[in-house]
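Each protein sequence line maps, in turn, to chains A and B.
At position 393 of the first sequence (counting the first as 1) the number is 393 in the numbering used here, and the numbers step up by one without a gap.
At position 225 of the second sequence (counting the first as 1) the number is 225 in the numbering used here, and the numbers step up by one without a gap.
Misleading hints may appear alongside valid ones.
A pair counts as met if it fits within one copy or between any two copies, since identical chains are not told apart.
Once the Cα atoms are required to be at most 27 angstroms apart in a straight line, the calculated BS3-like pairs of lysine-lysine come out as [to be verified]:
(1) K5 with K448
(2) K5 with K394
(3) K392 with K87
Read the hints as simulated data drawn from the structure, not as lab findings.
Here are the chains, one letter per residue:
Number of protein chains: 2
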Amino acid sequence: MPVEKPWASDDNIALFTDLYELTMLQAYWREGMTDEAVFSLFVRRLPETRNFLLACGLADVLAYLDGVRFSDASLRYLAALGGFEAKFLAWLADFRFTGDVWAVPEGTPVFANEPILEIAAPLPEAQLVETFVMNQIHLATVLASKAARVVAAAQGRPVVDFGPRRMHGTDAAIKGARAFHIAGVAATSNVLAGRLLGLPVTGTMAHSYIQAHDDEAQAFRAFAALYPETVLLVDTYDTLAGVDRAIALARELGDGFKIRALRLDSGDLAGLAVETRRRLDSAGLQRVEIFASGGLDENAIAALVAKGAPIDGFGVGTGMGVAEDAPGLDIAYKLCAYAGKGRLKLSHGKPILPGRKQVFRAGTDNGATGDVIARAEENLPGRALLAPVMRKGKTCPGAVPDLPESRARAAREIAALPDAARGLEPAASPYPVAVSPTLAEYRRAVAKSVGG
Amino acid sequence: MPVEKPWASDDNIALFTDLYELTMLQAYWREGMTDEAVFSLFVRRLPETRNFLLACGLADVLAYLDGVRFSDASLRYLAALGGFEAKFLAWLADFRFTGDVWAVPEGTPVFANEPILEIAAPLPEAQLVETFVMNQIHLATVLASKAARVVAAAQGRPVVDFGPRRMHGTDAAIKGARAFHIAGVAATSNVLAGRLLGLPVTGTMAHSYIQAHDDEAQAFRAFAALYPETVLLVDTYDTLAGVDRAIALARELGDGFKIRALRLDSGDLAGLAVETRRRLDSAGLQRVEIFASGGLDENAIAALVAKGAPIDGFGVGTGMGVAEDAPGLDIAYKLCAYAGKGRLKLSHGKPILPGRKQVFRAGTDNGATGDVIARAEENLPGRALLAPVMRKGKTCPGAVPDLPESRARAAREIAALPDAARGLEPAASPYPVAVSPTLAEYRRAVAKSVGG
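Next up, chain A with everything else stripped away, as it sits in the complex (with noise of 0.2 angstroms):
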């Protein structure tokens, strides 16, 4: 029984949206409102635990806007569906985004209410784009911020990503991997990821292998021979009888013997990682790592490490993948200009910034100090964070670097960040953002016209 799979695809990614948008579209459509909208996304406040967030997913953003098309299938879906005119939907199929973007680039840290991204573009096409690139953004943001926070405890000891299995979906664990990787992590199980991407990945070896064969040193005997550099997993039934097999076979075979690791994947890791390091000093081992895995978070390697546990690097599954701490932001992709005016809304505690913006970062090649937000055309003091990424719906040239720019940059930027705000605690006063005198004024007089 062939079952259609229900992915996304090229061939029906623009209907990856919400029907609203497909709504407003036929009513912008209809009164001719296809002037220039521009949408600005941004994360209106942080999570109690983070500092920063880690901008990412404008790769995904910027390929979407490139391709999205609407296939004849797509179509004739929303014929079926009802509500949309035979001369709407005609339009929908010469459906292009032709419209600029400015952004951050992927890996930059980001603060409550700077804009990751403005898009500037006739109203429909800025529109219908609303859910997918709020979904990319967002997950790849979510996932980057919290690794950045993992790779930080970690304190310069290899972190690897074993989330596939528990992450949301499989979209969520090629992306992931993509926004782990810029945020510092080594490597990932991930080996689509590897292929999409050109990520590393990494693997050890799971219990199930040790429980099929009838014992453990058997096992090990067998991959070892296989794969003479691997890594042994040593907590299948009992964790330090599982260290002294791995050094029997050392024993057995002498020059033979390449292991790089054992891996910890449960109990007392901090004390098992001591009493495995003395065993394996004792016999001679120091130059077989610890490699520790098992409900791994920032907070619990922050505490291994806090406490000298002698772990050489860190498998992070799903802490790390769901972003269990903060899986949300409050993200939003707002309307902030329409036909040359500001717009904002004034609806309770979801405050709009009107007009096209810059984020000015002050600070000396060492640090930063602070952000101003401010209008596009102004130029304040220290760097600014956005730039132009896609003219005319076309993307511009070195607007997604490769891979190790990304992460070199998000390497660079998180390092020039104030100590606190750096830290896993929540910082005591959060990083400096201000808006310009010149964007406040215009805040005022733009919401004096709505009448606010």
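Following the hints, position chain B against chain A.
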């Protein structure tokens, strides 16, 4: 600049696996370990804020098992990655899933340690599929379980899925819409989920539509002219002024005013709903409903319902879409038999029940009173929850009922749970789940055989 879109597809889904699965597969292949393995998928512990989980995701698992193949491009990638012999890759080219699967039907409430599905297949086949099978059951079960709570809180008022923009990627949004539907959500805003899965789609209007017009009254008038039975969003500038503008439009249009509802999206929803209801009623618009959205989850909805807020339906986004309070489950896929012998591991805090199993749910037609996890061949009082869904790699007829049936099952099975299990608060005493004496004895014997 066309950028390859990193999406899962039929062509590449075989690589949606952890690297160690392939490493182990090559070892099994080399060692001739192709006897039948049984793997069991279950959740070790329920999150504190879940009294039950709603099993979901089987349809996608069966579709995958039915069709999983290594494409030439995938095999070329593995060859380039290194570490795999050409003969092993040739063997992978012929890889098919030929095993048997038993599962609880989608929409069945399950508890800690109860198998959601069990796979019996040659060891390499059952091993390779671990990552995808876990990923999809985890995703759908996380989201269905959350949605069941939101639906329960709404006490019969329709709940609409507004999640796509903040769910974790496209796959989560599509599969999530299906899981929400099974859990009782009335409709989704996700058009692609509508196309791919035949789900009911719905939507209202966004703030941007109001903002793009020079005044709110004009925006209401234009939208109502095109969509007479739509829902008007009234909180863009001042909620009660928006309500008054909708009432003014009703006076203006007379019998032509067919607006179904007003939507409140910010502020004190309970207070605003009361005043909105009062103004609508005073204007003779008793039939116009009130729809609420904005940061809602089951607790917020329960509070609104408890206050008697006159709200007729709820749009729920992020809280449900990322299952904010419990985005990850402690789900496991564990080897429990190989080559006719029960298998387990003794890792601290991570128990396994060996061998193929069955779950018997005792109780009358009106209520479930407790479950017993037993060996597969036992015949105990109560309904057996696991049924064959795939035989020799072919999906069994009826294994995946149509969506209305799964949705009806979920409603019926949840209704049959004890009150405490159905409640939003953590149950004072958890739903009773026992291990049968026969299974317990078998577990002791297997543990002894591996040194436990």
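**Asked** Which numbered conditions among the earlier hints are violated in the structure presented, ordered from lowest to highest?
**Response** 1
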